[in-house]
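Trainee: These are the residues of each chain, in order.
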Amino acid sequence: QQPVQSPQAVILREGEDAVINCSSSKALYSVHWYRQKHGEAPVFLMILLKGGEQKGHDKISASFNEKKQQSSLYLTASQLSYSGTYFCGTAGGYQKVTFGTGTKLQVIP
Amino acid sequence: DAGVIQSPRHEVTEMGQEVTLRCKPISGHDYLFWYRQTMMRGLELLIYFNNNVPIDDSGMPEDRFSAKMPNASFSTLKIQPSEPRDSAVYFCASSLAPRQAPAGDTEAFFGQGTRLTVV
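Keeping their order, the protein sequence lines are chains A and B. According to my numbering, the residues represented by the first sequence are 32 to 140, in order. According to my numbering, the residues represented by the second sequence are 727 to 845, in order.
Misleading hints may appear alongside valid ones.
[As the list claims (entries may be wrong)] With a cut-off of at most 16 Å between alpha-carbon atoms, the simulated EDC-like pairs for lysine to aspartate or glutamate come out as follows:
hint, chain 1, residue 1, chain 2, residue 2
1, A, 127, B, 756
2, A, 135, A, 71
3, A, 57, A, 97
4, B, 794, B, 782
5, A, 127, B, 833
6, A, 81, B, 831
7, A, 127, B, 770
8, A, 127, B, 782
9, B, 804, B, 788
10, A, 127, B, 783
11, A, 81, A, 97
12, A, 90, A, 45
13, A, 127, B, 831
14, B, 804, B, 740
[As the list claims (entries may be wrong)] Computed footprint of chain B on chain A, listed as stretches where at least three residues anywhere in the stretch have a Cβ under 8 Å from a Cβ of chain B:
hint, stretch
15, 67-78
16, 125-139
[Said to hold, decoys possible] Now the in silico label distances, taken between C-beta atoms and shown as ranges:
hint, chain 1, residue 1, chain 2, residue 2, range
17, B, 811, A, 89, 34 to 42 Å
18, B, 787, A, 135, 20 to 28 Å
19, B, 809, A, 57, 24 to 32 Å
Since the hints were made in silico from the structure, they are not lab data. We treat Cβ as the ideally placed atom computed from N, Cα and C, and that holds for glycine.
Kindly produce the complete structure, drawing on both the sequences and the hints.
Mentor: The structure is reproduced here in C-alpha cells:
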C-alpha cells in the first residue's frame, strides 16, 4: 500500500518553513525522500533507517518514528529552488520502495 | 557515469500497438526498478529486478505488461496491446545492493523517463 502524504499541496513565501508528513499502515524499515521538479526525474534527498534518527540536508531535515510508522520532512527558510513535488517512499525491509502520491510545494517570492 | 538512460524520451502510439521502453542502468548497480507516474496514482512501482532476476512484479497492472532484463546493462518494459489508460510517464531507476540487512537503505537513481501517449 502507498504511504499517505499530507498536505497534498502547499504554497510558501521565501523564508517560510514547511512540514510534510508521511505515514504508513505497514511496519517500516526505512523511509526515503525524493524531490521532483516539473518535467524532471525524482532526485534523492535522504534515507532514514529505523531507529528514530533525524537527518539533515542543507536546510531540509527529516525524522522517522518507526513505532508510529511516520516520517516528517522539515523545510526551513524555504528558497525558490525548493519548489517541486516531494515524495516519501517506504520500505518494509527489502529494496522495494513504495512511494506516496506526493506533496506539491511552491515557493513564491 | 552518464546515469540511468531511458529511450525513447517520448512515444506516441495508437491504441492496440506494441510499445517497448528501454533502460540502461548505472554500471555496477544491482537493482533495477520500473515505475509509472500519473497524476492520480503518483509513482507506482511496477516491477523490480535484482541481478537481472525479477523479484517482485506485483505492481504490473495486467498481462499486457511484461518486463525483461537480459543482462546487467539493459532492461525493457513492453506493453502489448497498448491502451489509452496506459498513458503516463514511465521511469526506470537503479540502485546498489543494500549496505546492511535487511535492506531498503540505498538510494535509487532515476532516468529521465519516457512519456507515453496512447491515442
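Trainee: Mind checking the alpha carbons of residue 81 of chain A and residue 97 of chain A for me, to see if they're no more than 16 Å apart?
Mentor: Distance of about 6 Å is within 16 Å: holds.
Trainee: Quick check on a hinted range of 20 to 28 Å for residue 787 of chain B and residue 135 of chain A, using CB atoms only.
Mentor: Between residue 787 of chain B and residue 135 of chain A, where Cβ atoms are some 25 Å apart, the hint holds.
Trainee: For the stretch 125-139 of chain A, do at least 3 residues have a Cβ located nearer than 8 Å to some Cβ of chain B?
Mentor: Per the Cβ count (9), the hint holds.
Trainee: Is the straight-line distance between the alpha-carbon of residue 81 of chain A and that of residue 831 of chain B 16 Å or less?
Mentor: Holds, at roughly 10 Å.
Trainee: For the pair supplied as a hint, residue 127 of chain A and residue 782 of chain B, confirm whether the alpha-carbon distance does not exceed 16 Å.
Mentor: 8 Å, holds
Trainee: Given the hint that residue 90 of chain A pairs with residue 45 of chain A, does the C-alpha gap stay at or below 16 Å?
Mentor: Judged against 16 Å, a Cα distance of about 13 Å means the pair holds.
Trainee: Is it true that the CA of residue 57 of chain A sits at most 16 Å from the CA of residue 97 of chain A?
Mentor: Holds, at roughly 10 Å.
Trainee: CA of residue 127 of chain A to CA of residue 831 of chain B, is that 16 Å or under?
Mentor: The given pair, whose Cα atoms are some 10 Å apart, holds under the 16 Å limit.
Trainee: Using C-beta distances, would you say chain B covers the stretch 67-78 of chain A, given that this needs three or more residues below 8 Å?
Mentor: holds (count 6)
Trainee: Please work out if residue 127 of chain A and residue 783 of chain B have their alpha carbons no farther apart than 16 Å.
Mentor: 11 Å, holds
Trainee: Straight-line Cα separation of residue 127 of chain A and residue 833 of chain B no greater than 16 Å?
Mentor: 11 Å, holds
Trainee: Are the Cα positions of residue 135 of chain A and residue 71 of chain A separated by 16 Å at most?
Mentor: Holds, because 14 Å separates the two Cα atoms, which is no more than 16 Å.
Taken one by one, the earlier hints all hold for this structure without exception.
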